[in-house]
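K.L.:
Next come the chains, spelled out residue by residue.
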Amino acid sequence: MKRRNTYPIELMINGEWKRTEVIAQETLLHILREKLGRTEVKEGCGKGDCGTCTVLLNGKAVNACLTLAIQAHRQSLVTLKGIGTLEKPHPLQESFVKHGAIQCGFCTSGMIVAAKALLDSNPHPTRQEIREAISGNLCRCTGYKKIVDAIEMAAEKLR
Amino acid sequence: MAELRIIGKLIPRQDALEKAMGLIQYAADFSMPGMLYGKVLRSPYASARIISIDTSAAERLPGVRTVLTARDVPQNESVTRFGQTHAVGGGFEGLYRVLADKKVHYMGEPIALVAGETEAISETALDLIRVKYEPLPGVFDPIESMKPDAPQVEEGRSNVITHFKVRKGEVEKGFFEAEVIIENTYRVPFVDHAYLEPESGLAWIDENGVITIRVSTQVIEHFRGVADVLGLPHNQVRVIGTYVGGGFGGKEDITVEGFLALLTYKTGRPVKLTYTREESILCHSKRHPYIMIYKTGARRDGRLTAMEAKLVSDAGAYVFLSPWVLLYSMVDAAGPYRIPHVRVDGYTVLTNNIFTSANRGFGAPQVCFAYESQIDELAKRLGIDPLKIRNINFLEKGESLASGQVLEHHVALKETTKKAFHALGEKTVPQGNVKTGQGIASGMTSYGRMIFLHDTSRSHISIEMDGSVTIRAGIQDIGGGQASSLCQIVAEVLGVPLKDIKIYIADTALTPHAGTTTATRQLYMSGNATLMAAQEIRKTLLRKAGEMMRTDPQRLDLVDREVIDTEGSEKSLSLTEVVKACASDGLPLYNVALFKAPFRDLTQYERIEGTVFPDFTFGSHAVEVAVDVETGKVQVLKLISCYDVGKAINPLSVEGQLEGGAIYGMGYALTEEVIVEKGEVKTPSLSEYLLPTSMDVPEVQTILIESGDGVGPFGAKGVGEPSVCSVAPAISNAVYDAIGVRIYDLPLTPEKIVKALKAKKGKIKID
Amino acid sequence: MEYFAPATLSEALSLLKKWTGKARIVAGCTNTIPDMRSKAVKAEALIDVSHLRNLSFIKEEKKRIRIGALTTISGLTFSRTINKYVPILSEAARQFGNPLVRNRATIGGNLADASPAADTAVPLLVLEATVVTDREREKNRQIPIDRLFVGPNKTILKSDEMIKEVTFSKPDLGEKCAYAKLGLRNAMAISLVSVAVLLQIEGGECKKARIGLGAVAPKPIRAYRTEDMLIGEKITESLMRDCCQSVEREISPISDVRASAEYRRSMVSLLLRRLIQQIVSEGNR
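Residue numbers (the working numbering), protein chains in the order written: chain Z, 250 to 408; chain A, 77 to 843; chain L, 3 to 287.
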């Protein structure tokens with residue numbers, strides 16, 4: 250069997266540097282889940298149709314499944330767990346919980362990350378702007394209403 | 077008990093916080109050292125003979141630990157069970173085959189299993205398995221499949237799985253009395269559950285030799301079926317259910333469990349198997365497509381006189397839940413209306429398409445589309461207001477459905493229809509090519525399983541020495557707050573704050589069996605079981621406290637970890653003191669309760685008569701749409717959902733179900749269709765199978781009515797499935813209002829609307 | 003598979019030459035990864051050009067606008083220059099995929115992928131953009147955009163050639179543009195049909211007409227014959243009817259799971275009519 254080319258990479262995840270080895274065609278989603286223990290980043294479709302794998306790459310919300318792992322070399326990544334923790338929850342996380350925006354929870358990780366990216370660049374979004382910002386994140390349970398409510402309320406709280 | 081303190085309050089759910097923090101692990105998030113990766117080889121043909129399977133090259137691939145085919149399965153064929161412990165017989169239980177043996181019956185049918193050291197190795201191994209097929213003719217349309225010369229889908233049995241009948245009065249007489257008769261044929265498509273979490277599980281053999289399967293499922297009690305497949309005693313298979321990333325009925329049948337059990341059994345190592353999204357769409361169950369031929373007769377004053385319907389559903393290649401879904405449709409086919417003469421014939425038929433089974437609503441949304449379109453068309457034909465014609469015909473408490481079940485609980489339809497409609501307000505002014513329209517629809521959906529399944533649920537509650545509480549219940553949590561609603565009930569009854577309650581769920585070895593999370597039954601069944609168990613413990617505690625406080629226990633209440641005297645005296649005791657006293661006296665500080673739904677038995681399987689369900693949830697949807705008459709594109713501007721929920725245990729959760737159900741139904745109405753051509757799924761990913769995005773949805777408004785007359789705890793009714801029922805016809809009726817043409821098949825794509833408008837103008841004929 | 007991340011354009015070009023026919027250029031990967039998933043990619047090497055930061059730019063010059071190939075679709079939506087001078091391009095960008103994909107997908111990648119429904123291609127066709135490419139032995143080749151696409155997912159580019167820039171003249175004051183895309187939902191929707199129109203109307207007469215169409219032929223196209231019908235004419239109802247009939251004959255849409263050919267055909271003429279009317283009525287204000 251042909252020897253595979255592997256490439257060592259290092260990337261900052263939620264403020265910490267991590268190292269691993271990847272092959273050229275491996276996706277960022279794959280290494281996050283399989284090699285770096287970041288299972289809060291979900292796989293729903295593997296090809297950018299659902300948004301459950303949303304992460305912040307250098308501050309921009311992207312699908313981890315559509316990014317090559319090697320392209321994250323020396324880049325900075327933020328996942329849901331980098332946005333807030335039990336000890337120090339982010340207003341978005343608190344707001345999602347408070348407003349019933351979480352049912353099965355599978356879309357939640359990507360949804361909160363996409364919402365964070367929105368609020369970072371637009372602290373006063375209208376409901377329509379919120380909808381547009383999460384239009385790459387599917388939810389099958391909530392019908393989106395309480396998610397939009399939660400993001401709107403979190404934006405207010407952050408101001 | 078006085079005023080409710082926790083039930084009925086807008087309380088954030090237990091599991092929500094952990095999900096927001098990314099702490100809940102879903103099935104695919106688990107790993108074990110030494111884990112192998114399972115993969116499934118699936119048939120590329122819809123109908124074919126398997127001439128030979130050569131697994132040798134795959135087995136030789138370094139890193140492959142096992143390759144299995146049908147001959148390696150101890151019991152490859154058995155009967156499908158759906159978590160119930162009471163066998164029903166009569167064709168309700170169909171053939172369950174783990175791996176295809178001499179023939180394949182649908183495209184995607186599993187043929188072989190592989191376990192390898194890495195996912196990549198397992199995938200490569202699949203490509204090395206050489207299968208020789210001889211393609212055979214197949215049948216892909218259920219009506220064709222009913223014909224005597226149709227190819228047999230499964231050897232030795234008719235393609236027609238079941239023929240059910242509902243008979244009331246004499247329809248000929250009823251149509252004779254009718255002054256107007258409406259006849260139409262309705263069609264609804266294959267639809268996918270499209271939960272965001274693809275099927276996944278991890279299995280291993282534990283230190284006791286028990287095959288343990290951690291899996292995303294709505295039914296952990298498939299452990300019995302898996303044990304039968306392996307030829308093992310039931311207590312040698314354990315299923316642990318994870319928090320499910322969406323079920324909707326798609327994780328109700330066995331999905332990965334059997335494969336995982338076989339692979340771990342044969343290799344002795346942990347094995348993980350996760351479906352890709354394409355695999356999930358191609359190979360797991362779909363909602364039944366139906367062809368529904370309806371004939372409805374009414375007098376000029378709007379009173380219905382007769383209804384005749386023929387329902388044909390496409391069961392796909394295996395029986396699974398098809399007869400059950402059809403039965404639900406039979407009971408619901410006439411709608412919640414008073415009709416003196418009714419004849420319904422329902423058929424569910426095998427084809428070489430992807431198999432169909434449970435999907436949120438389970439046969440109710442399909443017929444609701446038909447009966448709510450029929451009555452809307454009648455209203456137009458007679459010049460009667462759509463609310464009025466419904467009110468004239470709505471059944472009331474104490475009356476019976478056409479199939480004979482008496483509606484023993486409150487029927488809120490007049491209120492839900494009225495409230496939903498009035499919340500619509502003034503119709504948005506149309507502009508240019510965009511016409512606006514408003515429509516309503518009402519429906520009924522059962523909650524609780526069919527009563528001849530002899531459904532039961534169990535819940536175990538124990539109170540610790542410090543007053544904290546542990547609940548153990550087999551309940552599966554699929555995102556509807558199943559687990560947290562039990563915590564709320566316990567918090568209310570035992571006066572213990574939610575933060576002091578922990579719940580362990582979904583473990584066949586360690587939690588009492590609670591039955592399936594399906595049929596909108598968990599709040600009713602496990603809620604009641606939990607209520608019973610909590611009340612027993614409460615009785616014990618208050619009796620003891622009464623002794624200690626020298627007060628009549630009837631005066632005492634449990635509030636905030638204290639026993640208080642509700643009739644004013646200053647006496648009180650801490651919960652901990654009472655618990656310790658009970659422990660010292662050897663009194664039970666736990667209770668496991670079994671709740672039984674009413675039981676009945678079927679004496680025959682052809683004619684549907686009498687009571688089938690414990691109760692129904694009634695509700696209505698009101699919709700306003702904007703239709704661009706040139707492109708055919710429909711935008712939903714307003715969507716109102718009004719339901720009698722009995723009692724909202726957690727209003728935030730209930731609203732969530734209604735909002736989510738409304739959009740689930742909107743997708744069914746407008747954009748969702750699994751297109752299957754000659755057995756091949758043409759919409760393999762979420763780029764082709766279109767779910768509503770945040771940009772497609774209106775601001776859904778929910779109105780809750782609480783009649784208190786449900787059979788669940790505190791008078792609650794179930795809403796998970798009912799919330800979908802009448803959305804599609806409400807939208808279709810609104811479209812009719814906007815453009816003056818009715819579409820009889822879902823989804824209402826822009827192209828269909830343009831075609832229908834052209835036909836109306838007489839330019840082209842619809843074929 | 004090998005991976006290279008060249009630091010300079012010349013490094014990228016020499017790698018491309020070395021791996022001719024066996025390499026795939028990648029940047030945003032929003033097409034590459036799904037293609038790899040469906041086994042449509044047979045490359046032995048990936049040449050990642052996303053580090054060539056100097057290929058990500060939007061430059062306004064006196065008469066032209068130049069967009070670097072690595073400019074993301076998001077970049078197009080937010081650019082003041084694009085919104086000011088060629089809003090049809092920012093509009094097409096805004097309706098592209100979804101915000102997550104827009105943050106990674108690039109204009110160069112969108113054009114090189116050459117989908118018949120390529121969202122940026124349609125506005126660029128009516129802007130008569132030029133695609134500028136480099137290969138090791140030929141720099142700054144100028145390819146008019148209507149010659150770039152050869153067929154579904156096929157361009158005229160040689161196997162060692164790379165798009166580095168897209169450029170077009172700023173529309174004159176009198177040149178008015180409009181764009182519309184039809185999809186089955188309001189986000190993450192592949193175009194059923196997309197249309198862009200540029201008209202210059204003076205004294206009631208149409209001096210210039212360009213019509214770009216997407217998703218209705220094996221590649222994004224211009225409707226030249228229909229354009230000719232408009233030039234030198236007053237835009238009347240009767241002319242519009244003729245144009246609508248003509249445009250339907252210039253296309254060859256397919257039927258697929260999203261829509262039938264017949265529907266696509268009638269939607270093209272509908273959108274054309276609407277866009278022409280939109281431009282005319284805006285001009286009358």
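Bear in mind the hints are in silico, worked out from the structure with no lab data behind them.
The C-beta atom is built at its ideal place from N, Cα and C for all residues, glycine as well.
Any given hint could turn out to be false.
[Stated by the list, open to error] Chain A stretches covered by chain Z per the calculated footprint, using a threshold of three residues with CB under 8 angstroms from any CB of chain Z:
| id | region |
| --- | --- |
| 1 | 81 to 91 |
| 2 | 288 to 296 |
| 3 | 553 to 567 |
[Unchecked claim] Derived lysine-lysine pairs resembling PhoX-like cross-links, with alpha carbons at most 20 angstroms apart:
| id | chain 1 | residue 1 | chain 2 | residue 2 |
| --- | --- | --- | --- | --- |
| 4 | A | Lys511 | A | Lys464 |
| 5 | A | Lys758 | L | Lys86 |
| 6 | Z | Lys330 | Z | Lys284 |
| 7 | A | Lys85 | A | Lys758 |
| 8 | L | Lys19 | L | Lys41 |
| 9 | A | Lys575 | Z | Lys337 |
K.L.:
Determine for every hint whether it applies to the structure shown.
P.N.:
Here is how each hint holds up against the structure:
1. 81 to 91: With 4 residues closer than 8 angstroms to chain Z, the region 81 to 91 of chain A meets the three-residue bar; holds.
2. 288 to 296: violated (count 0)
3. 553 to 567: Coverage by chain Z holds for the region 553 to 567 of chain A (4 residues, Cβ < 8 angstroms).
4. A:Lys511 / A:Lys464: Given pair lysine 511 (chain A), lysine 464 (chain A) is violated - Cα atoms ~24 angstroms apart, limit 20 angstroms.
5. A:Lys758 / L:Lys86: Measuring from Cα to Cα gives roughly 42 angstroms; hence the hint is violated.
6. Z:Lys330 / Z:Lys284: holds (17 angstroms)
7. A:Lys85 / A:Lys758: This hinted pair is violated, its Cα atoms lying about 46 angstroms apart.
8. L:Lys19 / L:Lys41: violated (24 angstroms)
9. A:Lys575 / Z:Lys337: holds (18 angstroms)
Of the numbered hints listed earlier, those contradicted by the structure are 2, 4, 5, 7 and 8.
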